[in-house]
Amino acid sequence: MKSLYDRLKAQREAKERSPSSGAPKRPADRHGSTVTPGDETALPEPWRRVADQVWEACFIEPAPRELAVLHSAADNGILGIGDPDGACFFDTETTGLSGGAGTLCFLFAAATLHGNELQTELVFLSDFSGEPEFLERVGRRIDSARTVVSYNGKRFDAPLLTGRFLMNRMTPVLRPHVDLLFPARRLFARVLPGCSLGTVEREVLGVRRDIDIPGEEVPERYFSFLRNRDASLLTEVFSHVRYDVTSLVGLAAHIEGVCSLSAVRRPAPSAGVAEASIRAAGLGLGRLLLEQPYRGRRPHNEVLRGAGIDLLCSLAEEVEHPDSLTAAQRVCAALRRTGTPADLDRAVAIWRRFVSERRSLWATVELAKYLEHRTRAYREAEELVRTALSWPHCGTYRGGLERRLTRVSSKAARR
Amino acid sequence: MSAIDRIIEQFREDRAFMECVTRWETIPARSGSYRDIPSDLDPRLRTALQGRGIERIYSHQAEAYAAARAGRDLVVVTPTASGKTLCYNLAVLQTIIEQPETRALYLFPTKALSQDQQAELGDTVLATDIGARVATYDGDTPDSLRAAARETGQVIITNPDMLHSGILPNHPKWIKFLKHLRFVVIDELHTYRGVFGSHVTNVIRRLKRICRFYGADPVFICCSATIGNPGDLARAVLEGPVQLIDTNGAPAGERHVVLYNPPLVDRVQGIRRGVVNEAQTIALRLLRAGVKTIVFSRSRVRTELIAGYMNKTLANLYTDNERIRVESYRGGYLPSERRAVERGLRDGAIHGVVSTNALELGIDIGGLDAAVLAGFPGSIASSWQQLGRAGRRQTVSISVLLASASPLDQYMVKNPDYFFGRAPESAFLDADNMYILADHLKCAIFELPFETGERYSVTSGGPVEEHLAVLEEEGTIRRSGDRWYWADRGYPAEGISLRSATSDNVVIIDTTGGIDAVIGEMDRPSAKEMLFDNAIYIHRGDQYVVTKLDLENRRAFVERRDINYFTDALVKRDIKVLLEDERVEHLGCEVVTGDILVRTQVAKFKKIRFHTHENIGYGEISIPEEEMHTKAVALVFRPGSAAGDALADLPPALLAPAIARIGTVMRNVAPFFLLCDARDIGIAERIRDPHFGAPALYVYDAYPGGSGLAESLTAVLDRVLDAARQLVRECPCEEGCPSCVGPRDRSVEIDGNPKAAVLSFLEAWRAG
Ligand SMILES: [Zn+2]
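Line order of the protein sequences matches chains A and B.
The first sequence begins at 2 in this note's numbering and counts up one residue at a time.
The second sequence begins at 659 in this note's numbering and counts up one residue at a time.
No lab work stands behind these hints: they were computed from the structure.
A portion of the hints provided could be inaccurate.
As the list claims (entries may be wrong) - The following label-pair restraints were derived from C-beta to C-beta distances:
id, chain 1, residue 1, chain 2, residue 2, range
1, B, G1153, A, P173, 40 to 48 angstroms
2, B, G898, A, P133, 31 to 39 angstroms
3, A, P173, B, D798, 26 to 34 angstroms
4, B, G1171, A, E384, 37 to 45 angstroms
5, A, P173, B, E756, 29 to 37 angstroms
6, A, P300, B, E756, 27 to 35 angstroms
7, A, G307, B, E756, 52 to 60 angstroms
8, B, R727, A, P173, 45 to 53 angstroms
9, A, H394, B, D798, 31 to 39 angstroms
10, B, I712, A, P300, 37 to 45 angstroms
11, A, D53, B, P701, 29 to 37 angstroms
12, A, P47, B, G1153, 39 to 47 angstroms
13, B, G873, A, D53, 24 to 32 angstroms
As the list claims (entries may be wrong) - Pulled from the structure, derived: some chain A residues nowhere near chain B, Cβ distances all over 12 angstroms:
id, residue
14, G81
15, T104
16, S130
17, M168
18, N169
19, F183
20, E217
21, P294
22, H301
23, D324
24, Y379
Said to hold, decoys possible - In silico DSSO-like cross-links for lysine-lysine, where the CA-CA straight-line distance does not exceed 30 angstroms:
id, chain 1, residue 1, chain 2, residue 2
25, A, K10, B, K1234
26, B, K834, A, K155
27, A, K412, A, K370
28, B, K834, A, K10
Backbone N, C-alpha and C fix where the C-beta goes; we use that ideal spot for every residue, glycine too.
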């Protein structure tokens, strides 16, 4: 009788043969020299060992010149970051990308601003047993910030860190969280091939990384390090995460720059943002300024909101533009909600334009509602709806239009 | 005199009917055993019970309540109509009232059952204004509702698969729920046997491990249908002491159980009327007498046929189909269609239903007065579950078991003492099965680092050091400090299925009239047998012809058409040896372990005329064979070996039956030693195996990739063979019966007694 060990090995080999099995295919280096745990490999300068299996490094460099935008935006900014000196721009690297309780965070990077300096701190876990101390130090970084800023951290990094704290019986540290992925999507989804931080950083900020590794290769690289304890394997990983957090600062400044620039309608040299980016962002930028969904509980910045309305109105005027209808719908909804005479006039102008130039059913209904309920111009409303009913494309709107016609006709007759 | 009494009397006086009856057993009515509503029960709950007409509860419900409230794990045996849900809902809801932070997890084996359960529990909750929050959490729960279910659900209804792949691997998200988990309800415990049960037991181990981490220690409340060993099974799943509550306090009306052999239509050849026609005739007599009836059939096609024939007989515009509504019910219908049938049965709009074993499980369809079993369901336990679908608390019921022409069915009706005397089958599982344990250990380490010296399971679980060593070498786990950590980017639960069946279903699309409408679905292997091009597919009585089976995109296109025949695929199964791991001389034969490919091919189909069931032609099918790569052990009987010579000594005519019957005995005996279910292993016999060039018997794992059962047969072969020999020798039957070598099949085994042949083979082999 074979021993259990031999049978298990045989089973594993059989699984690797079997095409139907889901056994993971692993790279060939898995039997590389394994160093016994506790056998510490020194990490080069500026790394310092701060606890068993926990390392820290700190890098100081001049802050990016766009920083002024973040300072001037502060509490009035579109992102809700507040005072940039109180913000912690962070990113993590993990042992897997699918999440779940078995995925650990092994590298934490935090960029903070101190006057004209950008300080990047890295905390690294060189083996799993050091996780409590590692988390303790990560928690300290978050704890000292007023706001944390990430890219896709709301869905990935933050829940993962929370889980790690809980699994180590530690209390998770929570701070208001600004996730730049969402505003970046609004601004760049239509102009860029993708919205990964790498793409945005390359195409928008013009950053070229010299030492880097694709994010999806990071876990495997870390596992190689764990087996071989060769710190040089991690050079690209450390560089990668530093680029990530530095770009976060740049990206936040860029977004605030685009917004403030569009508000003041003049080039802001410190932001380094071209008028062209504003036009490219178009609809997304307009909505971002108008709706201001990321400012937390702060009241709307009315200057930025006004800029958003202007932007969407001008987009709505470009009848040929593919986004003009959406822009018109968004901005008219907002104008109708405020309901000042001036705002309503702007909305009416857009509706009329869409009715006459695009035979828009949406605009017909909106305008008819306005004429019926606000100005009680029943005859005009009647005529408007009657014309729309003669259009061949009125399709699913027909029932609603016919009911409306009956109602305004009777109101007109009664008068 | 009530309708049911009248029809029973009519049957009794019907000579033609009674000539077919081989046994009419009357089980006397039983009065209920009641207890007062527990004194500590909250007035709101008490009022809710009274609102449902419950002034006192059954003894088993009271016992279950007391045990659960005292913190004791329990299993309660719950036949139909015994008020199962109160056995757990009382304790759970009372605890929720006392401590609103209480959480409970309800596990049901299938998704359909969990939805039914939520409706039922919803009633209670609504009625009592307790405001207990109940949420279903399974693969169909939309993302938008998941977070709320986790955060606020007091009772979470799910299935073991979701617990395994969705909840446990993400336990930090469930911290609030798991910290306060006080009850785990495992319904339909009897389904957790064999390989599936071994998987589920490991999922329970993982759940307990995570609960320990969060400081929770929930009470487990299990419900089981009647099986041979409910207490043992519960102890095997929970791995600790379990209180068995098997005295049912619910009253039951008088029950008539009739074994019925359809009349001979050809006395010379011994051909009897088919079960399809006979079942519909008997069911119609019951329905026309005003008796609510369920017909159980053994296949999806027969379910459709019986329901179709019944509806055709009833069809009459002037009488509004005699005001009798009959529906069919099986897997593969749209969930909304199944819900509608269940509801119709409960509220009385539907009078008769024809079903596969899908309705054997605890789906609530209200009370029925009669059950007709179109064929023996394959096990005693299943038979009683199906027969038990007829029967209410107060009134008389009747159930009729109809025998098909198969030797097994014929044996049952011709030996009523055997049928009525035999205890329901026992259920076994082996949670330490090497394959299964290894899989779940990975999941466990993913979920929480494993402490050195930690016992994976509190009470058993054995040493796992060797497993850990292999996993470390493989690089999926890593030792750091005094713990083992998951060290792989993968998500292990994703690649581990608790069930052998594939989940990739073929969607059936009706293209009649140019409108594409999804009418149902079917698992892929069955689709190959039932939805091939030109197959006739029957769905809720409507006939469709399959215009195209698109396996790649998992779609089958069908069109309505009225045709006078249906189709039946001829399935061929063969085995190909892929790789031999080991070949040893053992116990007088050659024992070979290795990998095999089990190939199932449908190359032809028969066209069978409706009603007469005559064969009116054949058609070709060209679809790729279904393949399963698995592990097997082959016993090769070479000349010169003890077994080979013993086999060669048999009369040539008995050679083939003897080998086939060794397979049957194996199937009867091996589950006791392998701790599995008979359906977990496949058996194939070859008089002259092309790979080995000698007679051979294959025992293989019925799970893709293998489940370790075949492999461990070698270690217990000695005991299996001794048990087989003893079983055959001591079995009181003359020529074989279902307990030993299987009943004699006189259509094939014309000369000679197969039982004697098997016995002499076994004796000579073991003596040699
Ligand atoms: Zn026997």
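Here is what the structure says about each hint:
Checking the proposed 40 to 48 angstroms range against G1153/B and P173/A shows it is violated: the Cβ atoms sit about 30 angstroms from each other. At about 32 angstroms, the CB distance of G898/B to P133/A agrees with the hint of 31 to 39 angstroms. For P173/A and D798/B, the Cβ-Cβ distance of about 31 angstroms falls inside the hinted range of 26 to 34 angstroms, so the restraint holds. A beta carbon spacing of about 42 angstroms between G1171/B and E384/A agrees with the range 37 to 45 angstroms that was offered as a hint.
Against the hinted window of 29 to 37 angstroms, the Cβ-Cβ separation of P173/A and E756/B comes to about 30 angstroms, which satisfies the hint. In this structure the supplied range 27 to 35 angstroms is violated for P300/A paired with E756/B, their Cβ-Cβ distance being about 45 angstroms. Between G307/A and E756/B the beta carbons are some 57 angstroms apart, a value that agrees with the proposed interval 52 to 60 angstroms. The hint said 45 to 53 angstroms for the Cβ distance between R727/B and P173/A, and at roughly 35 angstroms that hint is violated.
Distance hint check: the CB atoms of H394/A and D798/B are about 38 angstroms apart, consistent with the given range 31 to 39 angstroms. At about 57 angstroms, the beta-carbon gap between I712/B and P300/A misses the expected band of 37 to 45 angstroms. A C-beta distance of roughly 58 angstroms is found between D53/A and P701/B, which places it outside the suggested range of 29 to 37 angstroms. The hint said 39 to 47 angstroms for the Cβ distance between P47/A and G1153/B, and at roughly 42 angstroms that hint holds.
Taken as a hint, the range 24 to 32 angstroms holds for the pair G873/B and D53/A, whose Cβ atoms sit roughly 27 angstroms apart. Every Cβ of chain B is farther than 12 angstroms from the Cβ of G81/A; the closest lies at roughly 23 angstroms, confirming the non-interface assignment. For T104/A, the non-interface assignment is contradicted: its Cβ lies about 8 angstroms from the closest Cβ of chain B, within the 12 angstroms cut-off. Remark: the non-interface label on S130/A conflicts with the geometry, its nearest Cβ contact in chain B lying 3 angstroms away (cut-off 12 angstroms).
Listed as a non-interface residue, M168/A fails to keep its Cβ farther than 12 angstroms from every Cβ of chain B; the least gap is roughly 6 angstroms. Its beta-carbon lying about 10 angstroms from the closest one in chain B, N169/A breaks the requirement of being farther than 12 angstroms from that chain. For F183/A, the requirement that its beta carbon stay farther than 12 angstroms from each beta carbon of chain B is met, with the minimum near 17 angstroms. Not every Cβ of chain B is farther than 12 angstroms from the Cβ of E217/A; the closest lies at roughly 9 angstroms, contradicting the non-interface assignment.
For P294/A, the requirement that its beta carbon stay farther than 12 angstroms from each beta carbon of chain B is met, with the minimum near 18 angstroms. Separation of H301/A from chain B is adequate, the least Cβ-Cβ distance of about 27 angstroms exceeding the 12 angstroms criterion. The non-interface label for D324/A is consistent with chain B: the shortest C-beta to C-beta separation is roughly 28 angstroms, beyond 12 angstroms. Non-interface call for Y379/A relative to chain B: holds, since the shortest CB-CB distance, roughly 43 angstroms, exceeds 12 angstroms.
Among the hinted pairs, K10/A with K1234/B is consistent with the structure: their alpha-carbon atoms are about 24 angstroms apart, no more than 30 angstroms. Annotation: proposed proximity of K834/B to K155/A holds, straight-line Cα distance about 20 angstroms (limit 30 angstroms). Only pairs whose Cα atoms come within 30 angstroms are accepted, and K412/A paired with K370/A is accepted, the gap being roughly 13 angstroms. As the CA atoms of K834/B and K10/A are separated by approximately 39 angstroms, the hinted pair breaks the 30 angstroms bound.
The earlier numbered hints that this structure contradicts are 1, 6, 8, 10, 11, 15, 16, 17, 18, 20, 28.
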